[in-house]
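Chain by chain, the residues:
2 protein chains.
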Amino acid sequence: MRIALDAMGGDHGVRPNVVGALKAIACVPDLTVVLVGDSAQIESHLSTGAYPTDRIEIVASAGVVGMNEKPVEALRKKPDNSISRCWQLTATKKTDGLVSAGNTGAVVGAGLFARRFLKGVRRPGIGALMPTEKGHCVVLDVGANIFPKSSHLLQYGVMGSVLAKHRLGIAEPKIGLMNVGEEEGKGHELVQKTYALFRNSPFADRFVGNVEGRDVHKGLVDVIITDGFVGNVLLKHAEGVFEFIMQMVATDVVGVLSAEKALAAQAVQKLADKFHYSTAGGAPLLGVDGVCIICHGSSDERAIANALAVAAQDVRVQLNDRIVEELAKLPAFGDED
Amino acid sequence: MRIALDAMGGDHGVRPNVVGALKAIACVPDLTVVLVGDSAQIESHLSTGAYPTDRIEIVASAGVVGMNEKPVEALRKKPDNSISRCWQLTATKKTDGLVSAGNTGAVVGAGLFARRFLKGVRRPGIGALMPTEKGHCVVLDVGANIFPKSSHLLQYGVMGSVLAKHRLGIAEPKIGLMNVGEEEGKGHELVQKTYALFRNSPFADRFVGNVEGRDVHKGLVDVIITDGFVGNVLLKHAEGVFEFIMQMVATDVVGVLSAEKALAAQAVQKLADKFHYSTAGGAPLLGVDGVCIICHGSSDERAIANALAVAAQDVRVQLNDRIVEELAKLPAFGDED
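Protein chains in written order, with the numbering used here: chain A, 1 to 337; chain B, 1001 to 1337.
Isolated chain A (complex conformation):
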């Protein structure tokens, strides 16, 4: 299979993308990576070693969307930027999908502009994996749709379940709705309407109702549905609070030890690695035709390699066909949903 990689994406330039691609093809035998971006820069990083030229291709594009640029404006000004070119390759079936550590808004925006949604999908959403006491759960949306309708959230529950099944191996994923309290009737109009939609849907038996912020890491549910604003704050908060606490553990716990200080420091490092975002391999934009994996801006080569492997896996299990099948079970929505 073939995955387009936005070679220009991320905070660290071309290098981690090219090296990540080389790592990925070494691990995933049937993968070809199409590096999209400035050919000269890409080639300069490739020239340092031997690589299988039949499994690394270069597609030149001009212009890069900066990490802090306004997505819509940037996409318009630079029509041949690396992100749009990745989408174009995917839309024309020259690749099965794309991976980008670039401007998230631009990756989503270019995907929405292409309007190649999967059959039945109202709005694509980003699903992120978050660690729990029992493994991982899927949280979506985490930033593609900050003011969704209830029908969007219902579809996110369905798409998230497909991801949980095929990525996490959970046969019957349980779905929870992020809210400010557990009881039915809590929250604003959007969550109340979404609650009712789930209860009356073919997925009612998998819908456990409302969950709260404190439940995210307990592993009570496998899929947590929320609007892209809350999901984005939550995902970034998890990252920030994890760093904050691990730093305190390093000073206040490891720091007071002497004989076993090195051993404890090693264990802390292992824990930090286990939950580092780079191991998750990026977050998929679900609901679009073709696989799209969005990586953290600060992704290193390991994170890029993991994201490419994950993209290949999603293609292999035909994740999108499974999504279309499941969405077809939903009844038609009303205009207000």
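Only part of the chain B face toward chain A is listed, based on derived beta-carbon distances under 8 Å:
| no. | residue |
| --- | --- |
| 1 | E1183 |
| 2 | K1218 |
| 3 | F1242 |
| 4 | M1248 |
| 5 | D1252 |
It is worth saying that the hints were derived from the structure and are not from the lab. Just so it is clear, CB atoms sit at the ideal spot from N, CA and C, and this is done for glycine as well.
Got chain A; can you put chain B on it based on the hints?
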């Protein structure tokens, strides 16, 4: 000064409230606590020891709002419940404020019904203290107002600043707006409008712009403004993720040690205590006439004692007078704000 304590509030019944009140008067010389609730139950916990009868009073009330009851319904069905009685004592100036670990929705609801807002206040909001690398920051609202207007959020910035000044000792608190990205123009209509209101307000020089979920614990800002839905998810997520990580540290770090295992376990416990919600002493409902401190449902006697001490301190510094003074600096709002 005199603080009403909802003796029936919380998950653990009357005992932690009564014992917490006794602890508080031992530490705060000018404090009298008015215990509100079932007299027989309150007296049974008081009878076990000597206490200064001039500083612990009992006001009988009938009916308790259950922790999971629907607030509006419960308040209507049980007009003489302990929460409403605490508000009544405060509204009639028989007490300077109230503390409750009861149903948060009912505490806020009864306060809103009383309609005794401070001069100029559009909607009260709950301010919570969250730990940062540099101390604490104030996050508000965390649950009183889940669908606010931009003028509410602007006022929260002002009220939160007064709290940061008098509770945290920060002379010129910096204010940040929770958003999905740092750049101006990010987010939905509410945050965009709020951003513009701040930039054109007399507090523009203290407004640093947007902050993201990962910034909460960095100490970049002293006051973080957000709607009550996001704030509630954030506060509860912090609690959940802290427990989750500390549990992993206990098994994966402390668990691998031998000679210094006890020393490390002790350090972990100290860290857990330092950031336990009970040390924060509850979250104030800002914008109402009288001090109102809302405690965690699972509050123990230490948490209740801390909340009473904090309430006394807020009365002492005339926090509400300072809030009214600062709010008076804001220009009149438009109908759409």
